[in-house]
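K.L.:
Just so you know, the sequences run in chain order Y, W, H and V.
For reference, each letter of the first sequence is one residue, going 1 to 264 in this note's numbering.
For reference, each letter of the second sequence is one residue, going 1 to 264 in this note's numbering.
For reference, each letter of the third sequence is one residue, going 1 to 264 in this note's numbering.
For reference, each letter of the fourth sequence is one residue, going 1 to 264 in this note's numbering.
No lab work stands behind these hints: they were computed from the structure.
As the structure is a prediction and not an experimental result, all values here were calculated from the model.
Among the hints, erroneous ones may be present.
Note that identical chains are pooled: a pair holds if it fits in a single copy or bridges any two copies.
[Unchecked claim] As a list, the in silico DSS-like pairs of lysine-lysine whose alpha-carbon atoms are at most 30 angstroms apart:
#1 Lys-227 - Lys-245
#2 Lys-44 - Lys-230
#3 Lys-156 - Lys-245
#4 Lys-227 - Lys-156
Residue-level listing of the chains:
There are 4 protein chains.
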Amino acid sequence: MAFSVEQMRSALSDGLLSFPVTDFDAAGKFNAETYKERLESFIKHGVSSIFIAGGTGEFFSLDEADFREIVEVSVATVKGRVPVIAAAGRSVKDASNFAKIAADAGCDGILLMPPFLTECPEDGVVDYASQVMQSADIQFIYYNRGNGILSAESVKALAAANPNMVALKDGVGNIAALNDTIKTVGDRLVYIGGVPTAEIFAEAYLSIGVNTYSSAVFNFMPEMANKFYKALRAGDQTVVTTIIKDFLFHSAVCATAKKATLLA
Amino acid sequence: MAFSVEQMRSALSDGLLSFPVTDFDAAGKFNAETYKERLESFIKHGVSSIFIAGGTGEFFSLDEADFREIVEVSVATVKGRVPVIAAAGRSVKDASNFAKIAADAGCDGILLMPPFLTECPEDGVVDYASQVMQSADIQFIYYNRGNGILSAESVKALAAANPNMVALKDGVGNIAALNDTIKTVGDRLVYIGGVPTAEIFAEAYLSIGVNTYSSAVFNFMPEMANKFYKALRAGDQTVVTTIIKDFLFHSAVCATAKKATLLA
Amino acid sequence: MAFSVEQMRSALSDGLLSFPVTDFDAAGKFNAETYKERLESFIKHGVSSIFIAGGTGEFFSLDEADFREIVEVSVATVKGRVPVIAAAGRSVKDASNFAKIAADAGCDGILLMPPFLTECPEDGVVDYASQVMQSADIQFIYYNRGNGILSAESVKALAAANPNMVALKDGVGNIAALNDTIKTVGDRLVYIGGVPTAEIFAEAYLSIGVNTYSSAVFNFMPEMANKFYKALRAGDQTVVTTIIKDFLFHSAVCATAKKATLLA
Amino acid sequence: MAFSVEQMRSALSDGLLSFPVTDFDAAGKFNAETYKERLESFIKHGVSSIFIAGGTGEFFSLDEADFREIVEVSVATVKGRVPVIAAAGRSVKDASNFAKIAADAGCDGILLMPPFLTECPEDGVVDYASQVMQSADIQFIYYNRGNGILSAESVKALAAANPNMVALKDGVGNIAALNDTIKTVGDRLVYIGGVPTAEIFAEAYLSIGVNTYSSAVFNFMPEMANKFYKALRAGDQTVVTTIIKDFLFHSAVCATAKKATLLA
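Between the sequences and the hints, there should be enough to build the whole structure, so can you do that?
P.N.:
Shown next as C-alpha cells:
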C-alpha cells in the first residue's frame, strides 16, 4: 500500500481511470512480459489509477494462482507511481481470499464485484459486501452492477457499516437513481462512472459529481480517451461533441450489434 | 400566433416550462374560471412557455369541444405574454384536427403526442409525425415517449423532413440515447426534458444541452420549482442538492409507491 | 344483438376467433365492398366470432363516422351467423360513445382497449373500464394490454363490479400471471389468447384454460390457421409441431425483425 | 455413475426433480449428518433425480473442498437408487474442475450454470459451455438462465457439438421462446422446468413437452409438491387448481415481496 486514504480519494476523484486487459498467451497462460509493457504504457499516458484483474481484465476467468501473479507483477511494475486497485468477488469466502491476496501483495484498494449467480434482496447484498470489506485491511470500492445493484438507502447503510469503503462505481447508467444515491450519501464516498461506453455518459456523470470514469476505450485508443477526458473537464464542448459524434457513436453501435459488454 | 420561430426557440431554451392541469368541475365539465386563474398564476411565477391540454392537462380525456374551448380560453388569457403550446395526438386525422384547431385559435406551437394503441416500427412513427406536422402551419415539438420513441437517426430524419419541427421533448430519461440524439442532430432542434420527476434529471439534462424541462412539481409548489431552476442554471450546487435531498427524493418515492406517472 | 350471453360465452370458448383487417382505398376511405367479401370469407372458413374494428382492424385510426359505417356494414353482412364484437377505447367518454354506436348497430359485444396515453395505477384502470362497461347495455371483453394491464386481483374486482363483463383477452403473454388470474377468477370469465403470434402460445394457453385465441395469421392463411387450431384441440402433436416449426417460427422471426406488432 | 444415458433421460423425463438445500452449521461448515437425512427423506418421497450443490444448494458459496465433500457424501448416501446430478459453473477452468470432481465421485450428470459476471454474445456462451462439456466424461444439463441465456438456434448448436448434452433446464419462463427451442431442437434433448415457483408454470410446461420441473417447494412441503405433481400428470384439474389457488399464489406473493429468488 503506497497511498494514504486521502491520496487514494484524490486519485479516484480526478483523472482518467484505466482497466488494462490481462495478457494471456495462446495456451491461456498469463503473459507477464506484455502485461508489464501495457502497465508502463498506461502510466506513460497519465492515468490516475490502475484497476487490475477487473471485468476488462478477465477477473471472471482467473483462478487464485493467476490472480496472485497478476497482483504481484502489477505492484512490482507500478512501484507506487499511481494507486493499484485489484478486483475481488464470487462468494464471501472467495472474495475475502482475493482481497487478502491483493492487500498482502501491496495493492492500494479492492474493487468489489457482485456475488456469483445468486439473486437476493438488497440487505443480503449489503451483508455479502460488508463481510468481505471486514475481512481485509484495505480500502474498498463497491461496484454497483448486475445481481448486486443497491439503492441509495442500501449504499448509505453499506458505507456507514464499513469505514474502509471509499467509493462507489456505477455500472448501471440510471442517472436518476445514481443522483438519488449521490444526494443521499454525499461526500462520504467518491463516485466513479463505469458503464461500458462511459464517454457517452461522461457529461451527465460529471454534472452530478462523478468526476472520473473507467474508460474501456483507453485500452485501444489512449490518446483519444485522454483528449476526450481533458476536453470534458475543461468544458470544451466542441471537442467533446466531435469525439462523441465521430467516433464513440459508431463504436457504441458496433458494440451493440455484437452485444459486447465491456464492463471494466 | 404571437411569437416568431426565433422567439419561440428562445423561450423554449431558457426558463421553466409549465404544464397546467386542466380544471374540471364535479360533473367533469371544463371550468374556465379557475383555469384562467391558474394561467395567471403561472405567468406571475415567471414561466417561459405554457403547455396546455397536455399529459398533465388531461389531453387523453378531452374531446374536440373541450379542446377547442381550452385553447381559445388559453390564448385569450395569456394574450401573447408567453408562447402557448397545445397538445395533439391519437390518429393522423385526429392529431391534424387538434393541430388545426390550436393553430386557428392562435396557439404558438403543438406538442405532438405518440399515436394511440398501435406499436409500429420507427419509420411508421416518423410517417405518422410527418403527416401531422405537414397538416398545419404551426411549429411542432415532438414528444419522444411511450409507443412513439425514436432513435437518433429517426429524429434526424423527422427534423429533416419537417422544417416546422422546432424541438424534441424527452419522456424517456435514457441519458445515453438522448446524448446520441443531441450529438447527432445538434442545433437544428431545441431539447426539452420531460420525464415525470424532471428535477432529479435536471443536472444531467443541462450537461448535454437540455436547458429546460417541464416541471410537474410547478403545479403544486411553484416557488420551490423556480428556486430549484434558478439554482440549477446559476450552478448553485448547495441549493440544488438540498432541494433534491429534502424534497424531491421523498416525492419520487411517493410517486413510485403509487405508480403515479405525471408525464406532463 | 343476435346472441344470448350463454351463446356468446360458448362461441368465445370454442373455435378460432378472427380479426379482419379493415379495408381502405388509396385515399384512406373505408372500402365496404372488399370488406364485405372479407367477412364472407371469414365466415366461410368457420370462425366462431368476428372481432371488427380492433387492433388489426385499425381501431386507432378510425374516427366516429368510419367506426359507425364499419359496425353497420358488419352487422348487415354477418346477419347473426356468428357473434360480432366491436372495439372501443380511448377516453371514458369516447369509449362509451363507441360502445353505444356498436350496441345500437346490433353488435353482440365490445372489446375494450386500454385508455390513450395515460399511465395510472391499476385502480384507475379498473375505474376507467367500469365506467365504460356501465355506459352501454352490451357484453364486454377486457383487453389486458399496454398501459391497461391488470393483475389477478384487479381483474377479479372488475368482473365483480360489472356483470356484463364476459371475458378477458390476454395481450401480455406472461403465463404465470395469466394462470394466477385464471386460478383466482375462475369460470366467472372466458379467457381469450391475444398475443401477436398466438399460435406459438396456443398449447400453453390451452393448458391453463384459454381455449381460443385471436389468429392474426388467419388474415393471410386461413386454411393453415384452421388446420393448426383443429390439430391443437384434437391433441395432434405432430401437426402442431410441424406447423410451428416450418412456418410460424419464420414468421415470428420476420415480425421481430421489423418490430411489427399485430396485436389483433 | 450408476445410470446409463437412457436411464437418466428416462428419470429426467418423468417424476419430480428435487434440489436439496445444503446443510451448514452455525460456523458455516457443511453438516454431513443432517444432509444425509435430507437425502434419505427426498428418496423416501419418491423423487426421480436429486440435483445436489445447485442454486438451492448454495453452489455459489461452495469452495472446492466443500463441493468435493458434498458430492462424495451424496453418492455414498444415494447408492444408485436415483441419478445424482451435481452443479458446475464459474469460469471454464473452474467449471471443468467441478465437473471432473463430480464425475470422479460417481455422480451421474452435471447441471451447468452460466459463467460468473461476464456478459457476452451467445456464441461466446456456446463456447464456454462446449469447453466445459468436453472436459469431463459425464452427461450435461445446460441451465438456461441469467447471463447465459441461449436462443433456439444456439441451443441447437450446443447440442450438435456435444453428444453428452442430455437436457436443457429453463430458468427464464418465456413460454414462446422455450416453445421455439423445443420445436427447433426436438427430442434430441430432455426439457426441464426451472423457474422459481415452477408449479405455477407446470401446466404450460407440460403442454409443450416439459414433463418435469425442479420443485423448490419440495424442500419445505414434499407431500404437497408430490400431490400437485401427480395431479398434474393425471390431468386432475380440480386438485391442480386448488393447490395453485390456495397455496402457491400466496407463496408467490411472499416470494415477490421479499424479492427472494429460489432458482434451484
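K.L.:
For each hint, tell me whether it holds in the structure or not.
P.N.:
For each hint, the structure was consulted:
In this assembly of identical chains, the alpha carbons of Lys-227 and Lys-245 lie at most 30 angstroms apart only when taken from the same copy (14 angstroms versus 34 angstroms across copies). In this assembly of identical chains, Lys-44 and Lys-230 lie within 30 angstroms of each other by CA distance solely inside one copy; the values are 16 angstroms within and 43 angstroms between copies. When the C-alpha separation of Lys-156 and Lys-245 is checked against a cutoff of 30 angstroms, the pair qualifies only between copies, where the shortest distance is 13 angstroms, while the shortest distance within a copy is 37 angstroms. Within a single copy, Lys-227 and Lys-156 get their C-alpha atoms only as close as 34 angstroms, which misses the 30 angstroms cut-off; across copies the closest is 28 angstroms, which meets it.
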